[in-house]
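Those protein sequences? They're chains A and B, same order as listed. Each residue of the first sequence is one higher than the one before, counting from 1 in the numbering used here. Each residue of the second sequence is one higher than the one before, counting from 1001 in the numbering used here.
Everything labelled a hint here was simulated from the structure, so no lab data went into it. One thing to keep in mind: the hints can contain errors.
Each computed EDC-like pair below joins lysine to aspartate or glutamate, with the alpha-carbon atoms no more than 20 Å apart [to be verified]:
#1 B/Lys1050 with A/Glu558
#2 A/Lys74 with A/Asp35
#3 A/Lys417 with B/Asp1021
#4 A/Lys281 with B/Asp1332
#5 A/Lys233 with B/Glu1344
#6 A/Lys281 with B/Asp1333
#7 B/Lys1025 with A/Glu469
#8 B/Lys1329 with A/Asp423
#9 B/Lys1253 with B/Asp1265
#10 A/Lys74 with B/Glu1344
#11 B/Lys1197 with B/Glu1235
#12 A/Lys235 with B/Glu1344
#13 B/Lys1050 with A/Glu433
#14 A/Lys581 with A/Glu558
#15 A/Lys353 with A/Asp81
#16 A/Lys440 with B/Asp1017
#17 A/Lys235 with B/Asp1332
#18 A/Lys281 with B/Glu1322
#19 A/Lys440 with B/Asp1333
#20 B/Lys1025 with A/Asp480
#21 A/Lys233 with B/Asp1332
#22 A/Lys281 with B/Asp1317
#23 A/Lys417 with B/Glu1344
#24 A/Lys417 with B/Asp1333
#25 B/Lys1025 with A/Glu471
#26 A/Lys281 with B/Glu1324
#27 A/Lys533 with A/Asp512
#28 A/Lys235 with B/Asp1333
#29 A/Lys440 with B/Asp1021
Covered stretches of chain B, going by a simulated chain A footprint (3 or more residues, C-beta under 8 Å) [unchecked claim]:
#30 1028-1039
#31 1140-1154
Pairwise CB distance ranges (calculated) [said to hold, decoys possible]:
#32 A/Met360 with B/Ser1019: 24 to 34 Å
#33 B/Gly1047 with A/Asn367: 40 to 50 Å
#34 B/Gln1156 with A/Gln596: 50 to 60 Å
#35 B/Glu1344 with A/Ile115: 41 to 51 Å
Backbone N, C-alpha and C define an ideal beta-carbon position, used for all residues, glycine too.
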Amino acid sequence: MTSKNSKVIELEQVVIRFAGDSGDGMQLTGSLFSDSTAFAGNDFATFPDYPSEIRAPQGTVSGVSGFQIHFGQKTVHTSGDLADVLIAMNPASLKANMRWVKEGATIILDSDAFIEKGFDKAGYKSDPTTDGSLDGFKVIKSPITALTKEAVKHLDLDMKTTLKTKNMFALGIVMYMFNRDIELINKYYEKKFKANPLVVDANKAVLAAGYNYADTLEIFVNTYKVEPAPLEKGKYRNITGNVATAWGFIAAAERSGLPLFLGSYPITPATEILQELTNHKNLSIKAFQAEDEIAGIVSAIGASYTGSLAITTTSGPGLSLKSEAIGLAVMTELPLVIVDVQRGGPSTGLPTKSEQSDLMQALFGRNGEAPVIILAAKSSADCFYSAFEASKLSLEHMTPVILLTDGSLANGSEVFKIPRVADLPAIIPPLAEANDPNYKPYRRDPERLSRKWAIPGTPGLRHRVGGLEKEDGSGNVSHDPLNHQRMTLLREEKVQRVANYIPEQTIFGSEDAELLVVSWGGTYGVMLTVVEKMQEQGKSVALAHFKHIMPLPKNTEELLGRYKKIVVCEINNGQFVKYLKMNFPQFKYQQYNKIQGLPFMVAELETKFNELLNQ
Amino acid sequence: MENQIIDTEIIQLTKEDFSSDQMVKWCPGCGDHAILHSVENVFPNLGIRKEDFVVVSGIGCSSRFPYYMNTYGVHSIHGRAAALATGVKLANPKLSVWMITGDGDCMAIGGNHFIHTIRRNIDINILLFNNKIYGLTKGQYSPTTPKGHKTKTSPQGTYERPFNPGELVIGAQGNFFARVLDTNPKGMTAVFMEAAKHKGTSLVEIMQNCVIFFNKAHELITSRETRDDNQLQIEHGKPLIFGKEKNKGIVLKGTRLEVVTIGEDGVTESDILVHDQYEKDPGVHMMIARMMPPEFPVALGVIRSVAAETFDQSMMDSIAYEKEHSNIKTVDDMLNSGGTWTIE
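The whole structure should be built from the sequences, with the hints applied where relevant.
So this is what it looks like as structure tokens:
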């Protein structure tokens, strides 16, 4: 590392957005910068933003792929609202991302791509770098393509390989800007491209060229540094919500001593859970890619009957297809976890965008009285603990659980403190004992109301289950009217009693705050950021963020009753607020809803909450 | 949850071990009763512990079957028995998994699961009760109802072409297909035994009679007067001969089958096609499965029985391989794999 020509300014937090054409390697660029961020000791969260088309036409706005990282010296709860720095590899990526940058942000452009042809494809009528569109921004125009070619000239590469490395030039510039050590990235190349030393050399050369270019040409008046965040001692990694979900189930299988079975069908944005579990045959995981959503869940029910921790993973449209089978799991009182990675709906909707609009479906989307436990993960890393808890509740209460995550959590990533499996809670499924003379399929535990789980292959416990109504106790088919009423109430009560086994709802902030902000699921990060910020400004705001949806924590009613003003914020048209109104009609609720396939922004929430405080 | 399947010698079971205490509620005269008895006769003789059987069904008259067997069992939802049976088998490949289904359950609402289960060759046994009608919903046409047949939903007669289950099975790359009559207990027992021993998806079509909504659907094949000329009991290694006088036979002429009479036009028994149920090429099996009156007799018995790798075995092999070769041996190894960093 050479001495620098610029002054170093310390920042509390920064948001950087890397954007380019789908083929420009922006996801890799972003994730390498994330690695260096981890190394620098900052807390961070990331979010990839890519088109639903696999290979949209090159150079067009629909083909732009982005990667955003938010890092700081304090705890980071979201992948950030607006970017402080935008890297735009072509005009289309500038056009697609201008709405995501802060006023006065730094914009780094590949000037070689800002030519007539590129403007046409992006739909610019004139050159945005000269027509005043970028007034007020710090624009750094660098001939990235030309300098990349120059940097690898000595290696005699073909043009395609050469151009593939230009993202590393951009990365080199950003690494300089934030005073990062490029050795870490060089080590990554050495490992990743071990079989191809020429590619290692090319990437190293281009990265260094970008770094030195920024230094030598003094393109920045200042460079920046973000001090390490005060993270607890321990071992950390970066994790996406989908991988965290998969791992949570693997850990739950381990803690329960049961084999793990997944039956699933690929669907955006849930597919990575299936892929991740498929990659863990090394831990005896059985991941079955079924012919459709229905076979996914029904095979899981078969595996559950046979004694596995059984799960199925999907997104909204798939949850619709699974409805009837969820009813079968309710009736047979078998453990089963259904993961719904929510996306924009209805129908095919917005497959790559996030929404919280499947709550009502999760609560009520089945024929008959068919209650299930519902949990909603609150962050990418929390998907691990949510999958674990969903498994624990499902197994110990012999009841299906729907775990709601969403596209933002699934694809976003954040820092995850690696737990030790032995430190996770024990899971004790109510297995029936072989040859138990008193075994009856629907005899219940007096506390939990769960039935015993008798696994095929166990002597002395042969029994039948099915979708027809069961006689209380014996489990024989019964059409008796009073029995049906009793069984319906028992199934409901079994789920309600789960409230005795989940934590009470907590509040972030004061018990006598003027405004209680209520949210649930994947919006936790942004809600916490806003409420924390307003509290620091002395505003009387508190946050109740729900993770346990069905049943609600036992103290929910008492807690809501403490506040005069309640606002329920959701990425949907007001589903949780309807659920609260149904349960606690005595309170007055206001609501803030966004249905754009986009996450909340700190600023919009702050405006809304200030407005409510001033009322 | 490891199960042991013990040698035949040690396991002494009888029919009574599998009879459930539930009242059998099928209509008097329904073909299902005979099928139940045959299955009860087969299970004790397979050398499998009674707790290692799982009987799975979908919805329909036939799908009440699991309640009448004293085994582990699941009566699932309409059309999905194959998916449920798949989950059971994959979760514990040591279990003997039997799926009971009907023509509507299997080939209408459950058609997708049916063909994919066969394609994957999961080691389960499927008993398809084909009565060519919807019984439990009281008399609507099914995917196997003969074209032109009048039912409650086809008052002028159907104008759909029916499925032939054998064609579907072989078309989906199935390796075991047999056909039996519910009026032939011995035939059922023999075929069920073979199906049980076959590794991979075995499909037995049972031509079953619904006395209420489509009585005598298989009359031509089953009645004393007409059956000899309309059914052909096939056997591996034997020529395809049928008829009251045992003088009719099937020959392969060019690319199609043809009925001939032995002794006429110089045809001798040596001209008759000899059945090879183990032939890998499905061509002739398909032709035999397709034989239907009036041109041909219906073939009964094991039409195709070919050994092939099963999905469940491949999955277990793949797991065993990965467990041996992966650096990740524990869940903690996984959590700590890849890029990590430590805060001191």
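Comparing the hints with the structure gives:
Using a Cα cut-off of 20 Å, the hinted pair B/Lys1050 and A/Glu558 is violated, with the two alpha carbons roughly 54 Å apart. A threshold of 20 Å between alpha carbons decides the hint, and for A/Lys74 with A/Asp35 the separation of about 18 Å falls inside it, so the pair holds. Under the criterion of a C-alpha separation no larger than 20 Å, the hint pairing A/Lys417 with B/Asp1021 is inconsistent with the structure, at around 55 Å. With a C-alpha separation of about 15 Å, the suggested pairing of A/Lys281 with B/Asp1332 holds against the 20 Å cut-off.
Among the hinted pairs, A/Lys233 with B/Glu1344 is consistent with the structure: their alpha-carbon atoms are about 5 Å apart, no more than 20 Å. Restraint check for A/Lys281 and B/Asp1333: the C-alpha separation of about 14 Å stays at or below 20 Å, so the hint holds. A distance of roughly 16 Å separates the Cα atoms of B/Lys1025 and A/Glu469; the hinted pair therefore holds under the 20 Å criterion. Proximity of B/Lys1329 to A/Asp423 is assessed by CA-CA distance (about 18 Å); at most 20 Å being required, the pair is judged to hold.
Under the criterion of a C-alpha separation no larger than 20 Å, the hint pairing B/Lys1253 with B/Asp1265 is consistent with the structure, at around 14 Å. A hinted pair counts as satisfied when its Cα atoms are at most 20 Å apart, and A/Lys74 with B/Glu1344 qualifies at roughly 17 Å. A C-alpha spacing of about 17 Å is found between B/Lys1197 and B/Glu1235, which places the hinted pair at or below 20 Å, so the restraint holds. For the suggested pair A/Lys235 and B/Glu1344, the alpha carbons sit about 9 Å apart, so the restraint of at most 20 Å is met.
Using a Cα cut-off of 20 Å, the hinted pair B/Lys1050 and A/Glu433 holds, with the two alpha carbons roughly 17 Å apart. Of the supplied pair hints, the one linking A/Lys581 and A/Glu558 holds, its CA atoms being roughly 14 Å apart against a limit of 20 Å. For the proposed pair A/Lys353 and A/Asp81, the alpha carbon gap of about 16 Å is at most 20 Å, so the pair holds. A threshold of 20 Å between alpha carbons decides the hint, and for A/Lys440 with B/Asp1017 the separation of about 19 Å falls inside it, so the pair holds.
Among the hinted pairs, A/Lys235 with B/Asp1332 is consistent with the structure: their alpha-carbon atoms are about 12 Å apart, no more than 20 Å. For the proposed pair A/Lys281 and B/Glu1322, the alpha carbon gap of about 6 Å is at most 20 Å, so the pair holds. For a cut-off of 20 Å, the pair hint linking A/Lys440 to B/Asp1333 is broken: about 41 Å separates their Cα positions. For the suggested pair B/Lys1025 and A/Asp480, the alpha carbons sit about 17 Å apart, so the restraint of at most 20 Å is met.
Restraint check for A/Lys233 and B/Asp1332: satisfied, since their Cα atoms lie roughly 18 Å apart, inside the 20 Å limit. Restraint check for A/Lys281 and B/Asp1317: satisfied, since their Cα atoms lie roughly 10 Å apart, inside the 20 Å limit. For the hint pairing A/Lys417 with B/Glu1344, the CA-to-CA distance comes to about 13 Å; that is within 20 Å, so the pair holds. With a C-alpha separation of about 14 Å, the suggested pair A/Lys417 and B/Asp1333 falls inside the 20 Å cut-off, and the hint holds.
Proximity of B/Lys1025 to A/Glu471 is assessed by CA-CA distance (about 17 Å); at most 20 Å being required, the pair is judged to hold. For the suggested pair A/Lys281 and B/Glu1324, the alpha carbons sit about 10 Å apart, so the restraint of at most 20 Å is met. With a C-alpha separation of about 18 Å, the suggested pairing of A/Lys533 with A/Asp512 holds against the 20 Å cut-off. Restraint check for A/Lys235 and B/Asp1333: the C-alpha separation of about 13 Å stays at or below 20 Å, so the hint holds.
At most 20 Å may separate the alpha-carbon atoms for a hinted pair to count; A/Lys440 and B/Asp1021 meet this at roughly 14 Å. For the stretch 1028-1039 of chain B, the assignment as covered by chain A is violated, since 0 residues bring a beta-carbon within under 8 Å of that chain's beta-carbons and 3 are needed. By the rule of at least three residues with a Cβ nearer than 8 Å to a Cβ of chain A, the coverage given for the stretch 1140-1154 of chain B is violated, with 0 such residues. Restraint check, A/Met360 to B/Ser1019: a C-beta distance of roughly 47 Å breaks the suggested window 24 to 34 Å.
Taken as a hint, the range 40 to 50 Å holds for the pair B/Gly1047 and A/Asn367, whose Cβ atoms sit roughly 42 Å apart. In this structure the hint that B/Gln1156 and A/Gln596 lie 50 to 60 Å apart at CB holds, the actual value being about 53 Å. Between B/Glu1344 and A/Ile115, the C-beta spacing of about 50 Å keeps the proposed range 41 to 51 Å intact.
Violated hints, in rising order: 1, 3, 19, 30, 31, 32; the structure is consistent with all others.
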